[in-house]
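K.L.:
Each chain, written out:
There are 2 protein chains.
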Amino acid sequence: MTSMFDFNSYLIAKNQQINERIDALLKPDASRIVSAMRYSLTAGGKRARPVLCIGAAEAVGANAENVLTVACAIEMIHTYSLIHDDLPAMDDDDLRRGKPTCHVAYDEATAILAGDALLTLAFQVLAGAGSEYPYSRLLEVILMLSHAAGYKGMVEGQMRDIASEGISLNLDEIEQIHALKTGALIQASVLSGAILGGGNAEQIEHLRAYGKNIGLAFQVTDDILNVEGDPALLGKAVGSDESRKKSTYPSIMGIEESKEFARKLVNDALAALNVFDSKAEPLRAVARYIIERKR
Amino acid sequence: MTSMFDFNSYLIAKNQQINERIDALLKPDASRIVSAMRYSLTAGGKRARPVLCIGAAEAVGANAENVLTVACAIEMIHTYSLIHDDLPAMDDDDLRRGKPTCHVAYDEATAILAGDALLTLAFQVLAGAGSEYPYSRLLEVILMLSHAAGYKGMVEGQMRDIASEGISLNLDEIEQIHALKTGALIQASVLSGAILGGGNAEQIEHLRAYGKNIGLAFQVTDDILNVEGDPALLGKAVGSDESRKKSTYPSIMGIEESKEFARKLVNDALAALNVFDSKAEPLRAVARYIIERKR
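Residue numbers (the working numbering), protein chains in the order written: chain A, 15 to 309; chain B, 15 to 309.
Please keep in mind that the hints were generated in silico from the structure rather than gathered at the bench.
Honestly, I wouldn't trust all of these hints.
For identical chains, the list gives no copy identity; a pair is met inside one copy or between any two copies.
DSSO-like, lysine-lysine: derived pairs with alpha carbons at most 30 angstroms apart [as the list claims (entries may be wrong)]: (1) Lys28 - Lys260; (2) Lys293 - Lys41; (3) Lys293 - Lys259; (4) Lys60 - Lys166; (5) Lys293 - Lys260; (6) Lys113 - Lys293; (7) Lys278 - Lys41; (8) Lys226 - Lys278; (9) Lys41 - Lys259; (10) Lys260 - Lys273; (11) Lys278 - Lys113; (12) Lys113 - Lys60.
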């Protein structure tokens, strides 16, 4: 089975399911706000978080359809954070995935509101999925996602990230920022799929470890790609971390040691999946992909 | 009983309960983000929405304690919307309730993130209240509040409000903007209290009508106060609607007709409460207060 698994076909199939569900959850209409929300939501993201949510559900024996709505809600939270991070008052980025960022394509007020609306829609979609899941598990997932996205998670990570520009950080501080800014939501994506897919306590604990390791691995490779990635493949400029004097894994550990560290994290993530059978193959493939990816 | 009801004492008592619960839900700490969130959340708001939520719960026979957490979550949603509305890219207001707005007291990035974090915390607090309410009613309330706050509610109202600056609107268009921008969340505040207070379908329908009428009445009087209010009592400048060439009730109907319209709306709101006994006295007092208020 392992050798038969075709990750590329899997990603194409899941992406299609995700994109169709997103279209159903946020139908195109004539309003400027929906246009801006959909502009960023359909701007060619990798759908890493929804795929992780689906992969975790599959690992515990459910299928993609079972968690598709929740997976899309998570992508909305992720997209809102990108729109706000890109704003002039924050990272002031003009390009994202090779396209003008939301405030460039629309305007700043619209971008702020499109982010707000996507965050709000995520919770609307989650609360509206009440007929699909046991209520208690659904509320547990809403609680977990809001915690991961909030002032003790993603928002605090962005606060520290902004505050640390031009300041030298040590590895512990960098790891903490990453854990808050991206790690918490990535881990919560995995756990959402595991919980709503009906996973038992032991499975959920293993997937928690998996999620933590790949979350950090993802960020370390992001730092690496910012040094030696191909701008054409990334859809954004490289070298921005260095020009902003940001402390990153490569800037502290060196590039080769960063790659070694990413490999170790991915191996730890794979080890956490040892208790699962071939149904965890998608999650294994995601872990391996993280260190091979070019964008 | 009616003549015995002391609205002032009631407001003081409820405000204390609300503020204590807010302190418990968002404890002060050393972080800048919590400081900014609390700055705006404790900036002397009237707590109109939490009081409406509590009043509706009381009208259907519950008590304030039963819905206090939800009432505070609604105030977080309201506060987030004020912080973002005040941003330079939106209404660019420097003063709110007589104090510097969040982006002036902190900075723009912090204000954007403090708003984001308050919105997220509202849903965290709601989902975390699962042990206090029947799950299905709680999910119904989360769904209703997210809808009221989202791209078909408050966010769309703000989009239209910004787009309409300098443009002449007719009364229907103004009413629609108000219904979206402030009416939906005010009505949802009333309904949240009614639903989680255990109201029956008939009670909920009457409170829906009450909420709709006071929501609009509140906005009409806001427009009136922007013309003839006392800046010292309001904590902000007056005349800003006129200088921005905003279409308002006074600018279209005239000031006396606007006052008459507000009175009519309040009378309709009071009529919707006819089926309730003296336990609806707080809601009646809120309705009367709307046309008497100076701030």
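K.L.:
If you check each hint against the structure, which ones fail?
P.N.:
Structure breaks hints 1, 2, 3, 5, 6, 7, 9 and 11.
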